[in-house]
Amino acid sequence: MRGFAGTLGIKPLTMQNRNQEESKFIPGGVEAFSKLVDNYQHRVHGFVRRMVPSSEDAEDITQEVFIRAFQNYERFDARASVRTWLFRIAYNLCVDRSRKAGRTVQQVSMNMSPEIADEYEIADTRWQPDTILEDTEMYSRVEQAIGRMSEKLRSVLILHDKEDLSYEEISESLGIPIGTVKSRLFLARNQLQQAVRDLVEESR
Amino acid sequence: MKTRFEREPVVTDEMLASQSQSQARSLVSGLKDDSLSMAWRSELNLKLLAAADKKKKAVRFRRFAAWGSSVGIAAVAGSFALLMFQPVPPVRGSAGDFSGFAREFVQAHNESTVLASVSGTGINQRETELGLEVGYSYEDLL
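Residue numbers (my numbering), protein chains in the order written: chain A, 1 to 204; chain B, 1 to 142.
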């Protein structure tokens with residue numbers, strides 16, 4: 001059944017046709033591209049800000065993401081999602097910047113014994129996310145804990161839990177298999193939970 | 001070859017949906033983002049305008065290069081065709097093509113050249129031919 005929007009010839013804003021609409025913005029020049037920037041600048045910056053240590057670098061990289069996107073829109077496959085494409089550019093630029101700064105991508109032990117995995121299955125009832133986020137000091141220490149993670153774990157954690165990208169989109173953005181996305185996400189959350197546990201214990 | 005430490009654990013959707021994982025997820029989703037300043041946005045707009053200008057120039061150059069090369073190819077092809085299909089003019093210059101006075105004049109000149117040459121300096125094909133025509137040989141001259 002066609003809705004009111006359908007009778008007016010307006011497509012309902014599903015994710016698929018939203019992507020199609022956004023991809024049409026790009027070839028229209030700077031003004032049209034600005035709409036895309038408006039839609040994504042905060043999300044891209046939020047991701048980049050947590051991937052590089054300096055806020056100045058984060059601002060530079062975020063600008064570079066949009067400039068690269070603008071310069072290379074011919075290469076953009078309209079079937080793909082714009083945000084996946086933008087986050088891919090952002091991730092590559094962050095990795096490049098880290099390499100140039102001499103920070104190597106940390107190797108993370110992906111091995112986890114069944115006992116440890118079971119331990120992390122139990123939620124810690126001593127803290128709640130809302131209370132942690134309301135406490136300014138605890139909040140900044142959570143950010144620090146995320147910042148101390150390897151880029152591999154951090155990128156997956158931020159893209160999934162903060163930016164709401166699906167496993168498939170993360171897989172496409174980072175160029176890794178979906179299984180790897182899931183295992184990195186699992187490990188990242190475990191690391192974060194451990195860090196928060198330590199914080200809670202310290203504060204007591 | 002992957003080492004023991006590089007091997008990734010097999011993580012199922014159930015594991016990711018556990019309560020502890022959801023707790024960590026809520027923590028991350030509640031993080032706040034820094035806002036970007038208007039100055040940052042203005043700077044980005046300027047950079048985008050510069051990139052657009054550069055892009056326009058590149059497109060113009062590509063079009064010009066494509067146009068120039070096609071014109072060049074067409075000109076070369078046209079010249080080649082012109083040369084290939086041009087009517088060939090009759091070859092002139094041999095005595096056989098002259099008629100009347102001109103033929104006699106050239107023949108007389110050739111004969112006198114042969115006769116005036118110093119004997120014993122050698123003989124060439126032309127002299128031999130002319131010698132035969134006029135009915136003498138170099139042996140007579142020796």
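These are calculated hints, taken from the structure and not from any lab test.
Glycine included, C-beta positions come from ideal geometry on N, C-alpha and C.
Heads up, some of the hints might be wrong.
[What the hints assert, rightly or not] Derived, one-sided and incomplete: chain A residues facing chain B with beta-carbon distance under 10 Å:
{"no.": "1", "residue": "Gln128"}
{"no.": "2", "residue": "Tyr139"}
{"no.": "3", "residue": "Arg184"}
{"no.": "4", "residue": "Leu185"}
The hints, checked one at a time:
1. Gln128: holds (8 Å)
2. Tyr139: Check passed: Cβ of Tyr139(A) comes within 8 Å of chain B, closer than 10 Å.
3. Arg184: With a minimum Cβ separation of about 8 Å from chain B (threshold 10 Å), the hint on Arg184(A) holds.
4. Leu185: holds (6 Å)
The structure agrees with every numbered hint stated previously.
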